[in-house]
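Order-wise, the sequence lines are chains U and F. At position 228 of the first sequence the residue is numbered 228 (the numbering used here), and the sequence of numbers has no breaks. Count along the second sequence from 1, add 1000, and you get the number used in the numbering used here.
Hints may contain errors.
What the hints assert, rightly or not - Here are the simulated PhoX-like cross-link-like pairs (lysine-lysine), alpha carbons at most 20 angstroms apart as the crow flies: (1) F/K1048 <-> U/K164; (2) U/K25 <-> U/K41; (3) F/K1048 <-> U/K41.
Stated by the list, open to error - Anything over 10 angstroms on all C-beta distances counts as not near chain U; from chain F, calculated: (4) R1012; (5) D1023; (6) V1031; (7) D1032; (8) E1037; (9) A1058; (10) E1059; (11) P1065; (12) P1073; (13) Q1074; (14) A1084; (15) V1090; (16) S1097; (17) Q1098.
Hints were generated in silico from the structure; no laboratory data involved. Quick reminder that beta carbons are idealized off the backbone N, C-alpha and C, glycines included.
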Amino acid sequence: MVETRNISLGGLLFHVELPAYTQLKDYLSDLRQVLRGTEGKEEVLQEVEYRFAELFTTFMEGSHRAVVTLKDVEKACAQLGAPSEFRGPEEQDGPSAKKSAQGPKKRRLFRDPDNRVISGLSAGIAHRIGIEPIVIRALFIVLGIGRIGIILYLILWIFLPKAKSASDRVAMKGDPVTLDAIKETVEDQLLKAKAEFDNPKSMQRFRAGWSRFISNQLPQFLKGLVRTLGWFAVALAVVLFLALGGLLISAIVTGVWNFRFVF
Amino acid sequence: MRKGVLELCILRVLRQGEAYTSDIVAALQAVDLLVVEGTVYPLLTRMKNAETLTYRWAESPSGPPRKYYSMTPQGENVLEELEAAWDQFVDSVNSLSQPNQD
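One chain only, chain U, in its complex shape (with noise of 0.2 angstroms):
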């Protein structure tokens, strides 16, 4: 005996082994990452679905069943290829080649929930830059002494969007996107779940995180340093921008100056 599924393909009804209907949604959801921002996607999608649900229809009335079983959810994608395929051949060797050989693909800031202390803001700026998130952190603390760094902060919390998914994770650390690196990511998690679940002390993740600065960070951190620094000059132009606009509208509303509104 075996439980069964019931999915709808192209319009018709399936009843699917559950083996089987695993394997048929691992297929389409690893498609699903293939495809993620080439061109009419959704339609490819559709297509291959339509091409699934004519697969299945036929195979059913080949050996007169009902129920789609693994061996024919394998048969079927056999036919089809692996999902890496539709990735279409001058992307397999071309650009993704040229590259990785151009050096890493331009990351995105995220805050990264994974190695946060109070967002995760720093470690996705960190991350964005290439230097050890400790580094930010202590910017963000100098700053916050005279107060600056706090509204920064708060301003960056609210505007970057966590890292929610692993190709939003995979993204943030500049990785292409690939099935591969997504599965890293996926495994890294985990082995670092377990890390933390024998070693729970976060100041011991902190010393860790200076050693490491401190032996391979260095010369990296100077380079670093001069873009972060750059990087808040502009934020911070932001910042004082809006609150002069704010010390103007105060002072237009109220008819005073009153600069303490700002600091």
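Place chain F on chain U using the hints.
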């Protein structure tokens, strides 16, 4: 195999009249130009978006409706260009294997 060549093959198949995705795939597989169907789907969508191809839905005796693709007039121009490029490519490659005549 490169995209341009596959595109040329699809257009050559469609020159003989409209065909549905699996017909195209079968035609390419029959001459060992294609191993799996997966490669063709994104390409067809891209060619459709580039208005080289167009399609219509048709009822199917069994299973869901099928997409029948056919070539647009613009597609014929693309086919001509690709064939010219292909001929030149083949000539160039072939000329390498001929003994030097000088």
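Exercise. Among the hints numbered above, which are violated by the structure, and what are their numbers in rising order?
Worked result: Of the numbered hints, 1, 8 and 11 do not hold.
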